[in-house]
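Student: Here is how the chains run, residue by residue.
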Amino acid sequence: MYQGIRIAGFGGQGVISAGILLAQAGVEDKKNASWLPSYGPEMRGGTANCSVVVTDGEVYTPIVSAPNTVIVMNEPSLPKFEPLLKKGGLLILNSSLINSRPTRTDITTVCVPCNELAQKIGMDRVANLVALGAFIKLTGAVTIDSVCDAMKKVYKRAKPEMLEINRKALQAGYDAVK
Amino acid sequence: MTQKTLRKGNEALAEGAIRAGARFFAGYPITPQNEVPEFMSAYMADAGGAFVQAESEIAAINMVYGAASTGTRSMTSSSSPGVSLKQEGITYLASADLPCLIVNVMRGGPGLGSIGGAQGDYFQATRGGGNGDYHVIVLAPNSVEELGNFPKLGFELAEKYRMPCMILADGILGQMMESMAFNFDPIDPNKLGKFDWAVDIEKNGRPKRKVFSYKGDNLIADVTERAKRYGLIEKTEARFEERNTEDCDVLLVAYGLSSRACLEAVNHAAEKGLKVGLFRPITLWPFPSKRLLELAGKVKAILAVEQSLGQMVQDVKLAVGDKTPVYLKAYPAGGQPEGEAILQAAQSALSGKTEGLFDLQRHAEGFTYECKRDLSLGVQGDRKGGK
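Sequences listed follow chains A and B, in order. The opening position of the first sequence corresponds to residue 550 in my numbering, with each subsequent residue numbered one higher. The opening position of the second sequence corresponds to residue 157 in my numbering, with each subsequent residue numbered one higher.
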């Protein structure tokens, strides 16, 4: 298993955090993982993205230039990252905020209304974890439990009730994929 | 020694340095190495050391000069333009035979360049960098784990040979997170013993000690003595890693982040029916020439891969001479090496269809650049409209 993932969205949508959680979850599952943020003179209100690798083997370069999976959380990220996907790759699309649909026919697209599902749980901010839940169901690269374990390490001072909301968000994304 | 944890490269390096006994750090902020001073500012005082955010890069390296004179494990870190500023201090440290650790988390260049990762400072690092006849030992990590563990090696080599040691990383390695573990327990610098050259407070009538960078009439003897040390280092301290080098047709040579993209190429080569191996220099000075020459005799082509216009490839060529054709796949100024493209380049090198690759053999036979200019037509920089 070698999963190269790009997660993209607006700054503030939690795409960088989702990437760290995914990489840490990989480590919890005794896999090898890397995470790399796009860093630079990014424009305020512009797109943020990160590269994550989770693998049973060796992590090659942490720069994921041809991802197996792309998670797009906002409209501008779709045209930017759709072309990078490997043939046969997986596109997880936040249909709450993205009206467009991919033009490529050689990829699998799964639309998840991340923000709506997050609002149902009572917190719009966890939309990133809804997307991550869908990713877990579709790829099996990590598990919901390992992401929850990762959360305890990444957010050492998180309140138990917050961890519970996060778990619900992961589960909602997981269940949204048929 | 420790469990594997997910760490950011710059943080692993900073923690590794404190674990290795570093008790003095001076630096000045610059992307993409800012997590190093940030970590030092939070933890160095707790470790009983001193952290200084200096007023400039030049001040920082000269503070390291002072601290290193006392035998304290001392270091600074910066990124390319900042390391250029430090060169004056580094040549003085070399002249004074002081051990210290200098970290360069490389970014694009020349000039201010970019804040993306790059490998354009190879010449500066391996040829000394400042004025005069000297070297620094250069270590090139290619993972977060090596970033965390190399400060110990760096200090040990620097002290053994009484000279500065540089860790040459890059922006991607510094910024990425990866699972890593330290391979050594924290070192208590008070238990390391004392140097017979270090300046300190000594009241028992011991002869005075001085640390000099100016050698005056003794310069020739001094430089010659240093050359002997350099010779010993070249003979005994060259470090490298090999992958699939037994029975390969094309040998990739790459260091740092580039070597990881090469690893992808090596592992996917078999699927294309290619035999590709990787030779990764871990010390860039001393360059592991001897082993590379041995391998050169067994392969059909060598492909150097680097994130610069062709710097390391010169050391490759110096090592192997005419034994094997040497080609270059260059990713200058922030270009991102990719396994698939490297594999294609390896295929080209093997077949001799080397369009797009820089061929050092042809270059030696008078191969000219396409951009050769006819001076009679004037050049871009000509002045116009003067009065």
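Simulated from the structure, these hints should not be mistaken for lab results. You may find that some hints are simply not true.
Said to hold, decoys possible - Straight-line Cα separation of at most 30 Å, BS3-like style, residue types lysine-lysine; simulated pairs:
{"no.": "1", "chain 1": "B", "residue 1": "Lys160", "chain 2": "A", "residue 2": "Lys701"}
{"no.": "2", "chain 1": "A", "residue 1": "Lys629", "chain 2": "A", "residue 2": "Lys686"}
{"no.": "3", "chain 1": "B", "residue 1": "Lys160", "chain 2": "A", "residue 2": "Lys705"}
Student: Does Lys701 (chain A) lie within 30 Å of Lys160 (chain B) when you go C-alpha to C-alpha?
Tutor: Distance of about 16 Å is within 30 Å: holds.
Student: With a cut-off of 30 Å on the C-alpha distance, tell me whether Lys629 (chain A) and Lys686 (chain A) pass.
Tutor: Status holds; Cα separation ~25 Å.
Student: Within 30 Å, alpha carbon to alpha carbon, are Lys160 (chain B) and Lys705 (chain A)?
Tutor: The hint holds at about 18 Å.
Violation of the numbered hints given earlier is absent; every hint is satisfied by the structure.
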